[in-house]
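Colleague: Given chain A's structure and the hints, the job is docking chain B onto it.
2 protein chains.
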Amino acid sequence: MATSGHDHPSYSETFALPAGRPALSDLPTRATPVGPQSKKDAAAALAELAPTLEGLQERLFAQSTAGAQNRLLLVLQGMDTSGKDGVVKHVLGLVDPGGVSLASFKSPTKEELSHDFLWRIEKQVPPAGVIGVFNRSHYEDVLIVRVRNLVPEPVWRARYGAINDFERRLTGEGVTVVKCFLHISADTQLERLRARLDDPTKYWKYNPADAAERALWPRYQDAYADALAECSNPDAPWHVIPSDRKWYRNWAIAALLTEKLAELDPQYPPPAYDIGTEKDRLTALADV
Amino acid sequence: MATSGHDHPSYSETFALPAGRPALSDLPTRATPVGPQSKKDAAAALAELAPTLEGLQERLFAQSTAGAQNRLLLVLQGMDTSGKDGVVKHVLGLVDPGGVSLASFKSPTKEELSHDFLWRIEKQVPPAGVIGVFNRSHYEDVLIVRVRNLVPEPVWRARYGAINDFERRLTGEGVTVVKCFLHISADTQLERLRARLDDPTKYWKYNPADAAERALWPRYQDAYADALAECSNPDAPWHVIPSDRKWYRNWAIAALLTEKLAELDPQYPPPAYDIGTEKDRLTALADV
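Listed in order, the protein sequences are those of chains A and B. Note that the UniProt record's numbering has the first sequence beginning at 1, numbered continuously upward. Note that the UniProt record's numbering has the second sequence beginning at 1, numbered continuously upward.
For reference, chain A alone in the conformation it holds in the complex (with noise of 0.2 Å):
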């Protein structure tokens, strides 16, 4: 088994999707396979990755500058309430915004829904150097779409083909492709639904539309065990995240990107310049 270096196997195999079609209901929700165990815990060690985490995302930026190509695009997905704003919020919010693209996909509007599906996706890829998060993605077409029979099933099932194909290009242009589903049990789910409506600083992020959704429960565990299995390679794998805990799920993904990122190994350029030409071009201009 490949390990990372570390102690323990690489996060990536950690929380990889098991082979073949999931049971989903057999993956753990609230497991910590690996890394802290108690919210207490897991709070430093976010805070430890943190300064790592920051110093890789400038040198990757740092290399675009010179031409390098790589980036990252973290995918998140998962059901209502699993926590993927909390994700946007406490690991993104860990490194500079000047260096992360972030792309929340809402239903499409009907200009979106009058060209291919993967259209709005594209014009959100994230650029070299950059860090992109997607909030929701080119997943929904064959999950939403699939269960709220949008499409014909041809059509939603023809997209499977369609997402692997793009995801391979965006890989062969340089994008690290990490892809996240975060796993609550529908009593987590439940209990967040329900505290949303206990506190008025919650009621916005409440939506009728929310209980309607949590109906189709089953439907939608379905749809995602056969998007996870159906779009999982080793180029662009998908990772299960046990997110019944919000601080075990923040602490995971903040490791794997940590981990991805390093793996890229990115490094400051040397200069484009002379540098003794330019210092004493400076000197020249000392008095403006």
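Take the hints with a grain of salt, since some may be wrong.
The list treats identical chains as one, so a pair stands whether inside a single copy or across any two.
Said to hold, decoys possible - Okay, derived cross-link-like pairs now, BS3-like style, lysine-lysine, Cα gap no bigger than 27 Å in a straight line:
1) 279 / 205
2) 106 / 279
3) 110 / 123
4) 106 / 205
Keep in mind the hints are simulated off the structure, nothing from the lab.
Modeller: Just chain B, lined up with the frame of chain A:
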């Protein structure tokens, strides 16, 4: 004098551009007119502001989900090395990335040049509920464009009026426009440019074009003085932030941003649904 309700004038007033065409060389670049007086105190003050800023941002976003149109646009301008990127990292880095929309305006593309100068700007105006940040902005079209003679004088001169009209429209739509000029001395710029040539982790931040721009320092100061004077009005005033000390600059902008958001007094919206009904629906969906 209007006050902020504290024992000091509002930050808006403290950092307000003086009336008339400013002599930039007379405006302080190292002053600390209010707030922390040391790097250590500034770090503490910034950390203390963070939760307030984050809370305001969340409420701004929350109320937009119920139809409120308010948003804020922070415009950052300043000479090279004045710290625009630093403000993005250290100030905007304090809030949820999901509530921030960042636009960095570089040299316009051929497509952008084939449109009016505000075409690319308009597309980046933040939506309701969001804090937008312009790292450079439409002001470049009366700064570098003027200094480098990229368009005839009557063209750039007409832009002052166009900018005022544009910002007045934004203000009318619910955008709080907060414009900050990060004011540094020529000596500070020299020191910072030299530092980039002395540190292999900063080589990538230096570009030989920076020296060429520095050579035009007086012309830029002239262009800034006109831009600030011509485009400062009560609805969208300019603030001059003493920026020779990075810690003061960051604190000052965070304090100003917090003050401006607090003036909007954003509120969590009431529920747009019946709470009892939704609780019953969820109970009926306890087992899915």
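Colleague: Against each hint, give a clear statement of whether it holds in the structure.
Modeller: Verification of the supplied hints:
no. : hint      : verdict
1   : 279 / 205 : between (55 Å within a copy, 14 Å between copies)
2   : 106 / 279 : between (50 Å within a copy, 25 Å between copies)
3   : 110 / 123 : both (16 Å within a copy, 18 Å between copies)
4   : 106 / 205 : within (15 Å within a copy, 36 Å between copies)
Every hint from the earlier list agrees with this structure, and none is contradicted.
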